[in-house]
Amino acid sequence: MDKKTHKYRAFGLYVLSDIPFKELVATEESEPSNPIEMISIKQRDLSSIWDNYGEKRKFKVLTDQSVLFTVNETATFYIEGGRSIYFDPHPSSSIDKVRLFILGSCMGVLLMQRRILPLHGSAVMKDGKAYLIVGDSGAGKSTLASTLILKGWSLLSDDVIPIQLVNGTAYVVPSYPQQKLWDESIKKLGLSVTSYHPLFDRENKYAIPVQNVFTHHSVPLAGIFVLHQVNERPKEIHPLNGLQKIEVLDAHTYRPFMIGRLGLLAWHFDLSVKIASQIPMYAIERSNLFSAYELADTIHNLFEEEQNDNKEAIVNQ
Numbered sequence: 001m002d003k004k005t006h007k008y009r010a011f012g013l014y015v016l017s018d019i020p021f022k023e024l025v026a027t028e029e030s031e032p033s034n035p036i037e038m039i040s041i042k043q044r045d046l047s048s049i050w051d052n053y054g055e056k057r058k059f060k061v062l063t064d065q066s067v068l069f070t071v072n073e074t075a076t077f078y079i080e081g082g083r084s085i086y087f088d089p090h091p092s093s094s095i096d097k098v099r100l101f102i103l104g105s106c107m108g109v110l111l112m113q114r115r116i117l118p119l120h121g122s123a124v125m126k127d128g129k130a131y132l133i134v135g136d137s138g139a140g141k142s143t144l145a146s147t148l149i150l151k152g153w154s155l156l157s158d159d160v161i162p163i164q165l166v167n168g169t170a171y172v173v174p175s176y177p178q179q180k181l182w183d184e185s186i187k188k189l190g191l192s193v194t195s196y197h198p199l200f201d202r203e204n205k206y207a208i209p210v211q212n213v214f215t216h217h218s219v220p221l222a223g224i225f226v227l228h229q230v231n232e233r234p235k236e237i238h239p240l241n242g243l244q245k246i247e248v249l250d251a252h253t254y255r256p257f258m259i260g261r262l263g264l265l266a267w268h269f270d271l272s273v274k275i276a277s278q279i280p281m282y283a284i285e286r287s288n289l290f291s292a293y294e295l296a297d298t299i300h301n302l303f304e305e306e307q308n309d310n311k312e313a314i315v316n317q
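If you count the sequence shown from 1, position 107 lands on 107 in our numbering, and the numbers rise without skipping.
In case anyone wonders, no lab produced these hints; they're calculated from the structure. Hints may be right or wrong, so weigh each one.
What the hints assert, rightly or not - Think about it this way: if two alpha-carbon atoms lie no more than 25 Å apart in a straight line, the pair counts; the simulated SDA-like pairs of lysine to any residue are:
#1 Lys-3 x Thr-76
#2 Lys-3 x Glu-29
#3 Lys-22 x His-216
#4 Lys-4 x Gly-82
#5 Lys-22 x Leu-265
#6 Lys-129 x Gly-242
#7 Lys-205 x Phe-101
#8 Lys-58 x Leu-265
#9 Lys-180 x Val-166
#10 Lys-22 x Leu-150
#11 Lys-129 x His-217
#12 Lys-60 x Asp-88
#13 Lys-4 x Glu-28
#14 Lys-180 x Val-25
#15 Lys-97 x Val-61
#16 Lys-151 x Ala-139
#17 Lys-4 x Lys-60
#18 Lys-97 x Arg-9
#19 Lys-180 x Glu-285
#20 Lys-56 x Met-38
Unchecked claim - Cβ pair distances, simulated, as ranges:
#21 Asn-241 x Ser-48: 15 to 21 Å
#22 Tyr-293 x Glu-29: 36 to 42 Å
#23 Gln-211 x Ile-36: 25 to 31 Å
#24 Gly-81 x Gln-211: 20 to 26 Å
#25 Glu-247 x Lys-4: 44 to 50 Å
#26 Tyr-293 x Asp-51: 49 to 55 Å
#27 Pro-256 x Gly-81: 31 to 37 Å
#28 Asp-51 x Ala-26: 35 to 41 Å
We put the CB at the ideal spot given by N, CA and C, even for glycine.
Throw the hints in and build the complete structure from the sequences for me.
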């Protein structure tokens, strides 16, 4: 295992890691003076902790600030205090798969421990405003985000989306410049699968680097789109009301079953209410008859209408 300490900026944090992450943005910055801004990713023998507390197929919450889980043939992971991620790889594990779980499930738990809301989906930006695309697995979130990027939008996050309130305003924090797309989606976008690497061995989902269209700073959240798969041709996009918005945030929190286990039900509900009160959300029904390009046009046109309405409001003041 590489003994060098690798330094990155990701999820709004300064990351010190025992292993290299090709997905993350390396930094030459000195370590922040405030240690709370820094997290560590370290390899460690977790066998004794697992023997004492571990449960197969479960995220074991030891305290509200320590979580233990294992992935068969991959690694055991331990997330502590919103500051540290420890991993103990299986002898036959793929380091690509270990990294995938560190940046996914482990980071989602760590963000919750830090009281940062992790949502599951894709976050894109246009003219200084962030828009989220959420939905069930296979709904086409990343494909739609890729299509918007082709129309001139930029990426903030794909998979785990950190949301923070700053002076009462919801902000999207950038994660790292990579998308995850199934081979079928890559082909539909007119790209070649052979140009990219699978997320791990024998996987038909691929890592798509997007350094040139990645936004490195936090951006105010301006809207959320919820994709639903239906059999018939989709109806027009429609807005969601207050209770529906809270349900969206609850359903699309990353690893939502962890909210109660970490004792964060009150925190999560309060934050969801604050976000729902200020952020418009829209439902889009999607079928195979409605392409990602048509969906992208729908969202792009809605964005343009909002921009024009805002300009007209300013002129009339």
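These are the hints, each one checked on the structure:
As the CA atoms of Lys-3 and Thr-76 are separated by approximately 20 Å, the hinted pair is consistent with the 25 Å bound. The hinted pair formed by Lys-3 and Glu-29 meets the criterion: a straight-line CA distance of about 20 Å does not exceed 25 Å. A C-alpha spacing of about 16 Å is found between Lys-22 and His-216, which places the hinted pair at or below 25 Å, so the restraint holds. For the hint linking Lys-4 to Gly-82, the alpha-carbon distance of about 23 Å falls within 25 Å, and the restraint holds.
A hinted pair counts as satisfied when its Cα atoms are at most 25 Å apart, and Lys-22 with Leu-265 does not qualify at roughly 35 Å. In summary, the hint linking Lys-129 to Gly-242 is supported, as the alpha carbons are separated by about 21 Å, within the 25 Å threshold. Between Lys-205 and Phe-101 the alpha-carbon distance is near 15 Å, which keeps this suggested pair within the 25 Å criterion. As the CA atoms of Lys-58 and Leu-265 are separated by approximately 19 Å, the hinted pair is consistent with the 25 Å bound.
For the given pair, Lys-180 sits about 29 Å from Val-166 by alpha-carbon distance, which is inconsistent with the 25 Å threshold. With a C-alpha separation of about 23 Å, the suggested pairing of Lys-22 with Leu-150 holds against the 25 Å cut-off. Distance check on the hinted pair: Lys-129 and His-217 sit about 11 Å apart at the alpha-carbon level, within 25 Å; holds. Among the hinted pairs, Lys-60 with Asp-88 is consistent with the structure: their alpha-carbon atoms are about 16 Å apart, no more than 25 Å.
About 14 Å separates the Cα atoms of Lys-4 and Glu-28, which keeps this hinted pair within 25 Å; it holds. Distance check on the hinted pair: Lys-180 and Val-25 sit about 17 Å apart at the alpha-carbon level, within 25 Å; holds. Restraint check: the Cα-Cα separation between Lys-97 and Val-61 comes to about 23 Å, which is no more than 25 Å; the hinted pair holds. Distance hint between Lys-151 and Ala-139 is fulfilled; the C-alpha atoms sit about 20 Å from each other, no more than 25 Å.
For the suggested pair Lys-4 and Lys-60, the alpha carbons sit about 30 Å apart, so the restraint of at most 25 Å is broken. Taking the CA atoms of Lys-97 and Arg-9, the gap is near 21 Å; set against the 25 Å cutoff, the hint holds. A threshold of 25 Å between alpha carbons decides the hint, and for Lys-180 with Glu-285 the separation of about 22 Å falls inside it, so the pair holds. With a CA separation close to 30 Å, the supplied pair Lys-56 and Met-38 exceeds the 25 Å bound.
The hinted range of 15 to 21 Å is not satisfied by Asn-241 and Ser-48, whose Cβ atoms lie roughly 51 Å apart. A beta carbon spacing of about 39 Å between Tyr-293 and Glu-29 agrees with the range 36 to 42 Å that was offered as a hint. At roughly 28 Å, the beta carbons of Gln-211 and Ile-36 sit within the given window of 25 to 31 Å. For the pair Gly-81 and Gln-211, the supplied restraint of 20 to 26 Å is violated, since their beta-carbon distance comes to about 31 Å.
Between Glu-247 and Lys-4 the C-beta distance comes to about 45 Å, which sits within the given range of 44 to 50 Å. As the Cβ distance of Tyr-293 to Asp-51 is approximately 53 Å, the hint placing it in 49 to 55 Å holds. The hinted window of 31 to 37 Å between Pro-256 and Gly-81 is violated, with their beta carbons roughly 21 Å apart. For the hinted restraint 35 to 41 Å between Asp-51 and Ala-26, the CB-CB distance of approximately 36 Å keeps it satisfied.
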